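Engineer: The primary structure of each chain is shown beneath.
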Amino acid sequence: MDDIPGKIVENCSVTAGYRRLRVKLDRPLGKVSPGQFVMVKIPGREIFLRRPFSIYGSQGRTLTIMYRVVGKGTDALSMAVNKAPVMVLGPLGRGFTAGKGTTPVVVAGGIGYAGVRMLLRRLRGRATLFFGVTGKEELRMAEDLEGTKVLTSTMDGSCGFAGDVVTLLGQHLGDYRGKSPEIFACGPVGMVKSLKGLLDPYRIPCQVSVEERMACGMGLCFGCVVATRDETSPYKRVCKEGPVFSLWDLSL
Amino acid sequence: MGSLAVDLFGKRLKNPVMNASGTLGYGVEIEPLWSVETMGAYVTKGLSAKPHHGNPTPRVWEERCGMINSIGLQNVGIDHFFSRYFPFFVDKKCPVIVNFFGFSEDEYLSCARSIEPHELIVALEMNLSCPNIKKGGISFGKEASAVHAIVRSVREITKIPLIAKLTPEVKNLAEIARAAYEGGADGLTLINTMPAAIVDVKSRRVPIKGGLSGPALRPVAVRAVHECSQAVPIPIIGAGGIMDTEDALAFLMAGARAIEVGTATFVDPFTVPKIVVGLASWLDGSGCGDMSEIVGIAHG
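Protein sequences appear in the order of chains L and U. If you read the first sequence in this note's numbering, its first letter stands for residue 38, the second for the next number, and so on. If you read the second sequence in this note's numbering, its first letter stands for residue 4, the second for the next number, and so on.
Isolated chain U (complex conformation):
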């Protein structure tokens, strides 16, 4: 029987399945149904140096093939996460990827600086798709030079492997991916949600503008993974509308070393464990040895 295990930044994860940041709370909430150590690693909710209140409602809106969210990065802050929630993952020996963000370069730096290396921390995942107040609303992740600069600054102050989570809403994603790699990123997460809006015909208003997630995003994400995994020599974590085992396989074959399940968990809270089981049974019948053999197999 082949192994689902994947190597990521020098750590061996038992499978390539994770949650997308912000779609599994602080990890403790899912405990009544299944446990976080089902996954290769748990990805934290986006954390900032200081607690953040987030946006007023409505924060979520359904679309036919997905949803729009405008949570506004509500979180308890890095310090609170490590004192209150991190021990839960230590107890379970569950590897953790710490997603973090800032509204300025200083905030990114103070965030990354405050996280001590730990045997269970696989990597830091930098959210490079949030508003950059210094630059008047343009995302850090939209210009190659800005991506290069911020990744390099953060890279210099932490020993923990660094993942850049990128927005696909750019002219040339491969160029942004290269900028992150040259800045020192050890991996990439592709993709974040895409900017979207709703017009409510009943009220004739726009009730929400935010990030689109769910199956509507999937082909965009698959393309991003396929393209960038050939542009840079670092591991890529694929995310965007993964609903089942077949979707997960498509991302792995497109070149993702691991995958993140997000919105699907809201539709079926057991999606993650189902995909873990599904990948194992697919592997058994596939004729492949280990899961890692299929990574990028669709590059031809």
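In isolation and in its complexed conformation, chain L is listed as follows:
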């Protein structure tokens, strides 16, 4: 973990509402495990706290982030110009750990793709991605993914399965019988809840990347907790014990 100064070298729209940020760091981020994140000090307009972002890609001194404009912080970030200075704290948290001899199945909802993209790259085509979005233009996000089988769902029915991604996964769950499937998911709370509903009878191993409002990003403030089934200490820090948890440990 390090706090590294950097400069924005790219901040462009990928598709409606989704943007890609590239930062040239003064020093490399070091070893990153898929699912880890960074806290970014956003330049320009006064944004007091840093913002957490999944590490979309990290190569040498270049860090890539994919983000969606959802509030003040990401709105200000979307207006940051090239060469604007940023501070990047990371890599943070505990990421995904893929078991040996399992069949990896990745489930992403919307911008949740940013949280699993590094994992998909590391799995080099071993995984199938179930990718759910609202409309087909969002699918452009995953165009940079080569060699991975992608099954898509759109809520408006404009491409692939018409409906939500968990229903789509449900239709294919039988294909993985006897193949030791292992599920990795990142998406909105609603998606994670219905995923739990779908998988509950089978208890397939499933790791979920959780999102929460954060202040410090490194376990100092206990601001970003998620409720778990641990009765002695139910609230775990998303930034420190997470952001990746076993779906079966969460109290949803």
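Simulated from the structure, these hints should not be mistaken for lab results. Everything numeric in this text was worked out from a predicted model, so none of it was measured. Misleading hints may appear alongside valid ones.
Anything over 10 Å on all C-beta distances counts as not near chain U; from chain L, calculated [claimed, not checked]:
| hint | residue |
| --- | --- |
| 1 | A53 |
| 2 | K78 |
| 3 | R87 |
| 4 | G110 |
| 5 | M116 |
| 6 | K120 |
| 7 | T204 |
| 8 | G254 |
| 9 | G260 |
| 10 | A264 |
| 11 | T269 |
| 12 | S270 |
So, partial list: chain L residues that the calculated Cβ filter (under 8 Å) puts toward chain U [said to hold, decoys possible]:
| hint | residue |
| --- | --- |
| 13 | D40 |
| 14 | K44 |
| 15 | F198 |
| 16 | A252 |
| 17 | L289 |
Computed list of chain L residues with no C-beta within reach of chain U, every gap over 10 Å [to be verified]:
| hint | residue |
| --- | --- |
| 18 | R64 |
| 19 | T185 |
| 20 | G234 |
Ideal Cβ placement from N, Cα and C applies to all residues, glycine included.
The hints should help you fit chain U onto chain L, whose structure is shown.
Structural biologist: Same frame as chain L, now just chain U:
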């Protein structure tokens, strides 16, 4: 070259910089970036006699000049802290101030009673700004008579120096400070966060009510330190929106013997070590001998 060292309750701390309770976890989390012994002392997360789960989310919300938190005092409990985390500070020979709280007088007492004196424990910092269940939600820290009574009860059962951490949300803070002093407090920490709320215009709801921290609080805190350091003859630890060396100096000049850095660490995790270095270089160029010479210099 002058010294940054300060004397606090008979112990010599290498500098006047500490963290505010609850903003540096259990101390171990910051280790990848810098070590706790950078500070004069580490202030623990608020501890209670029994572990406490804390509040549901959202627990934090950003404001333009600070943030609101509603962590709800989640902590592992006094016993767990001393078995699991205290050895880390012993290893590092890092002085510790133990922040603690209770929901009743009995809980304050059982907490304080369970902490054995140790050469590294500088003081106990009593959080007097949490809900008092016995009195129907009024804080212990809001009435002079209640402050006097609880400080005196705790004072009687421990040999460790006692600091009262006060809320500024009272009619007359100097009077509360005097009540704590007369009850037997050896020092004061000023100030805690202030009650605040957010209205989220998008959802038309209040997503969070909690304590406001950050630079928005700073002038309020400076005034509290300035006023109370002249009202009572005991050391004051200043806290509230300290973001850099200049802010720290302002608190020292207002009358604080030491300072606590809180929310700033979330903005820049190196704020504490930067202030330690900044104070040293300021002192070099200031013409003052030691740091302690500037404490209260703004009283005129």
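Engineer: Does each hint fit the structure? Answer for all of them.
Structural biologist: Quick rundown of the hints versus the structure:
The non-interface label for L/A53 is consistent with chain U: the shortest C-beta to C-beta separation is roughly 20 Å, beyond 10 Å. Against chain U, the non-interface label of L/K78 is violated: not every CB pair exceeds 10 Å, the least being about 7 Å. For L/R87, the shortest C-beta to C-beta distance to chain U comes to about 7 Å, within the 10 Å cut-off, and the non-interface label is violated. The non-interface label for L/G110 is inconsistent with chain U: the shortest C-beta to C-beta separation is roughly 8 Å, within 10 Å.
Look at L/M116: its CB is around 17 Å from the nearest CB on chain U, clear of 10 Å, so calling it non-interface holds up. Its beta-carbon lying about 21 Å from the closest one in chain U, L/K120 satisfies the requirement of being farther than 10 Å from that chain. Every beta carbon of chain U lies more than 10 Å from that of L/T204, the smallest distance being close to 28 Å; the non-interface claim holds. Chain U draws L/G254 into its interface by the beta-carbon criterion, the shortest separation being 8 Å against a cut-off of 10 Å.
The claim that L/G260 is not at the interface with chain U is violated, since a C-beta of that chain comes within 10 Å of its own (minimum 4 Å). Residue-level check failed: L/A264 sits 7 Å from the nearest beta carbon of chain U, not beyond 10 Å. A Cβ of chain U approaches the Cβ of L/T269 within 10 Å, the least distance being about 7 Å, so the stated non-interface status is violated. For L/S270, the non-interface assignment is contradicted: its Cβ lies about 7 Å from the closest Cβ of chain U, within the 10 Å cut-off.
Nearest Cβ of chain U to the Cβ of L/D40: about 6 Å, under the 8 Å cut. The hint holds. Contact between L/K44 and chain U, as hinted, is not supported at the beta carbon level, the nearest pair being about 18 Å apart and thus beyond 8 Å. Restraint check, L/F198 versus chain U: the minimum CB separation of about 31 Å is more than 8 Å; hint violated. This hint holds: L/A252 has a C-beta 5 Å from the nearest C-beta of chain U, less than the 8 Å allowed.
The criterion of a C-beta within 8 Å of any C-beta in chain U is not met by L/L289, whose closest approach is roughly 13 Å, and the hint is violated. Once the 10 Å rule is applied to beta carbons, L/R64 is consistent with being away from chain U; the minimum gap is 14 Å. Separation of L/T185 from chain U is adequate, the least Cβ-Cβ distance of about 33 Å exceeding the 10 Å criterion. The beta carbon of L/G234 sits about 22 Å from the closest Cβ of chain U, which is more than 10 Å, so the claim that it is off the interface holds.
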